[in-house]
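Student: Chain residues, written in single-letter form:
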Amino acid sequence: MRPFKYTEGKDETSAVRAVVVNRESKFLAGGTNLIDLMKEYVERPNELVDVSQLPLAQIKNTSNGISIGALAKNGATANHPLVRQNYPLLSMAILAGASGQLRNMATNGGNLMQRTRCQYFYDIAMPCNKREPGTGCGALEGINRIHAIFGWSDKCVATYPGDMANALYALDAVVRVKGANGQERTIPIQDFHRLPGNEPQKDNNLEHGELIIGIDLPKNNFANKSYYLKVRDRASYAFALVSVAAALETDGSNIRQARVVLGSVAHKPWRSGEAEKALVGKPATDATFNAAAEAALKEAKPLAHNGYKVELGKRAIVLALQRAMNGGAE
Amino acid sequence: MPKYIGKEMSRVDGVAKVTGKAKYAAEFKVPNLAYGFIVTSTIAKGAIKSLDTTEARRAPGVIDILTHENYPKPAPPASTELKPEINANVRDKSFRALASNQIFFNMQPIALVLAETFEQARYAARLVKATYTPEKQLTEIAGSLDKALVPNPERAAKPRGNPAETFKSAPVKIEAEYTIPIEHHNPMEPHGAIAFWEGEKLTIFDKTQGVYVVRRHLATSFNIPEVNVSVVSPFVGGAFGSSLRPNYYPALTAMAARVIKRPVKVVYTRTQMYTGHGYRSDTWQKISLGAERNGKLTALIHDSRNNSSTFEDWLENTTNYTRTIYACPNAHTSQQLVRTDLSTPAPVRAPGAVSGMFALECAMDELAYELKIDPLELRLINFTDVNPDTGKPYSSKALRECYRMGAEKFGWKDRKFEPRSMRDGRLLVGWGMATGVWGAFQQAASVRIALKSDGSAHVASATADIGPGTYTVMTLIAAEYLGLPAERVKFELGDTKFPRAPVQGGSFTTASVGSAIYESAQNIRRKLLEMANKDAASPFKEAKIEDVEMTDGKLQVKNDPSRFVNISELMRRNNLEELVDVHEAKPSPEREKYATGAHGAQFVEVKIDPDTRVVRVTRAIEVTACGRIMNPKTSHSQEIGGVVWGIGMALQEATEIDHRYGRIMNPNLQHYHVPVNADVLNVETIFVEEDDRIVNPLGIKGMGELSMVGIPAAIANAVFHATGKRVRNLPITPDKLL
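Heads up: the sequence lines are chains P and V, in that order. All residue numbers for the first sequence refer to numbering that gives the first Met the number 0, where the first residue is 0 and numbers rise by one. All residue numbers for the second sequence refer to numbering that gives the first Met the number 0, where the first residue is 0 and numbers rise by one.
Here chain P stands alone, though its shape is the one from the complex (with noise of 0.2 Å):
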């Protein structure tokens, strides 16, 4: 680990101001990745300006939904009765994701930031565009079973791992930022995370400095009808080798408005338009979501080793969507 100046963030403005005039510096939240990887030698920070006790823990109702702490803990969010309630699909998601232990530590904030899971971003012997770019891909053509099917370029292959974002994806939620000017801005999930391109050593459209500090949920009607569904090589503690957020809100047996998101197959939680076209205005039958899974992996473009994924896509999305109705029932 590279030696590092700690830094206390007494204030919001503070610590953004500490960031920004440090290429060199990151903030640090709960740590449970940050932490872990510049024991490898991945991430070497010189400075990490410690956020964490900064008052952004809440979960409160707004006028039009309610609004989560970037500082409030995963375990504390998944279990909050504004989020059972309201919005249970985001519950199942964080519950589905690391463990007890983890998520007691993790933070909505750094959640959200968390970097991939591909062993040759770990591993600095390894060419990886997203560590060191310039080096080249090594899962492209290497070990890539728990790699992208969806929107990779030849630079990068990874894939975002995490299960909290999926379910943000089919909220509709709203990421609100400290700019690295002083000034509030507010970044739709959608927008949040990006595709590797040419440049995949950016996870996402922060820039440096910017410090997240809530996240908006908008009232919806999908509280009913939602179901995250993970498949993982193990039961807990794994990340997904595909998981699917998906939620629906429906006029009598007929599908008014639909989400599905899979996750663990591209570079940021997946929306699939495809799949929630082809079940907006449909009855809610499972020919309707298998016809909305066959739409969603259709222009999936997988790589050697993690061809299963397709199939397994499409039928994860078919049993999400089953459950969703069933009202989260197995």
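The set of hints was computed from the structure by calculation and includes no laboratory data. As the structure is a prediction and not an experimental result, all values here were calculated from the model. Virtual Cβ for every residue (Gly too), placed ideally from N, Cα, C. Please note: incorrect hints may appear among the correct ones.
[As the list claims (entries may be wrong)] Negatives, chain P to chain V, calculated, CB over 12 Å:
| no. | residue |
| --- | --- |
| 1 | 12 |
| 2 | 54 |
| 3 | 223 |
| 4 | 276 |
| 5 | 281 |
| 6 | 284 |
[Claimed, not checked] Just the calculated beta-carbon pair ranges, DEER-fashion:
| no. | chain 1 | residue 1 | chain 2 | residue 2 | range |
| --- | --- | --- | --- | --- | --- |
| 7 | V | 425 | P | 217 | 31 to 37 Å |
| 8 | V | 68 | P | 184 | 53 to 59 Å |
| 9 | P | 190 | V | 425 | 34 to 40 Å |
| 10 | P | 23 | V | 632 | 51 to 57 Å |
| 11 | P | 284 | V | 170 | 48 to 54 Å |
| 12 | V | 423 | P | 23 | 51 to 57 Å |
| 13 | P | 184 | V | 115 | 43 to 49 Å |
| 14 | P | 101 | V | 632 | 52 to 58 Å |
| 15 | P | 217 | V | 135 | 55 to 61 Å |
| 16 | P | 181 | V | 260 | 44 to 50 Å |
| 17 | P | 134 | V | 312 | 34 to 40 Å |
Using the hints provided, position chain V relative to the given structure of chain P.
Tutor: Frame of chain P; chain V shown alone:
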């Protein structure tokens, strides 16, 4: 009636372990300690062209950096058959760090950074820069099976009967290939050592399964007498075979301490463990079974290939039990290795047996389906009471009872034969079974008993306790035969100051060291009897050693509690503060007249999501016949642990190598999966006790390795039953079932 044997005893070291008082190797406090951090190679084969340590040496706290360029050279090789650049020592071919600029595997140690703190050493290690002259490496056996060789042709097994011909003409045949990837031990405790020198005397705190192995390795490494080396290893946080052979870090640590003249601590990172202590080899196996239509096996052929390193020949003993587990007149087994540019494999829990029985027991299931005979029935049809190779009868073999009891507990009779025929709601249900087998080994082992006049005893042997409960079982056996309360017996292990014992491996510790304690207690009893009989008033006149026992602090005539002497009083009368016996127990020649072994039957239920194909092991019943159970509590714990290992091997575990670089890509517990609590549902372990005094005087057979032997096959067979899909390549992950 035994007071302790066969009764549940909680771990005598349990409180020390959960309160942190038990000291593991890297936890000892040694003044003036320096910290070492290992730098590893980034190529798999070739040579180091340059090593630049300039920047690293300038980093804060750095004391010194050892590389092949400044590493004190070992003595020249005494034999030309060994590569001197790896190891100049003839007796011990294990890999030594920093011996030359040659690279034999990826993540090979190339430097050791020594600093005042661990953090300083770790940071400076990142600043060491190496360049290489790489060569093309080979790191898998797939595609290179034709390069396989037999290292010791003279020791290769000969066919029994005429297997090739019989197989060709058999009315029913199965021929199938099975592969198992490299798997790692992944004990909780990372390997580490603290070493310091006092003149020519070396002391090392080390994580090991055998302190005497480390002593010999270090004595030969430094060309000093063995008595100059003290190895201390009182607690081990799991090892599973990874600390049986000499690993490279103890000699490296000791050398560093010698060079900088300070105590040095070196601990592997989790990642460094993946190339620092061996692994279960990359294995390909082919099983050919020929049978009559009634299910009788007529031919059994088992070919096995595994990877080794380029500098040591390691054969995975996969075929060890193939020739003896079923009655089959014609059998042949062969083992070959492929030399690869990886570190040398090592024993991993149930080495060879679990790999071989995975292949054989899956093949037996395939044969059962070909014959349309119930898989359990097929095993019974081919049951043998004698070793088919030698014709010797088993000293005991309660396997039939294991099958019967397991089937009954499991409800096997309700199994529907056809694959995909059982459901639980939408879930596919599969029931599978397999046979487990392991040896009933005993090795020479020594113990020292000091019986004290205050009514306590100190018992010591240089064995290890890597987790099975050795402290507890030895305390229990000593208390039983010295007639003392267990709280008055202190048992110590893991130190070369104690009498020699074998490594803790092969599931032979309790049989070996337990026998030594039993026999030594008998010697103590004899000495006490002689002492008592010196007294004219002795109540034991005419009594033979077999007629008396030690119980409740008394030496007394069996079945006549009125004739006794108080042992403490007897010792005080003779001015004895302690009565010492040092004894070595050896396997009895009687064993040679018999075949010996431990056996078990495993029944497993899986439930599989028909869409996602995620497999859950919902029920496992393991029935084991391994002699007499000393401590049911720790014994059941061993068996449950074995089932959990089997679940991991069947469904999750695989070390992944990018063969373009010859580099392990998942050397951490994030990417390498082992079962978590949520993967382990109902596990029931049952013992069928055998009273077998031929194997050893206490009737003990090993169980730690046996416990996992049949599990991977039973799970794979259950997966077939649930889905109709036969997966012959472990692990069975969801993608393989889609």
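Student: Could you work out which of the previously given hints the structure breaks and list their numbers from low to high?
Tutor: The structure conflicts with hints 14 and 16, although it agrees with all the remaining ones.
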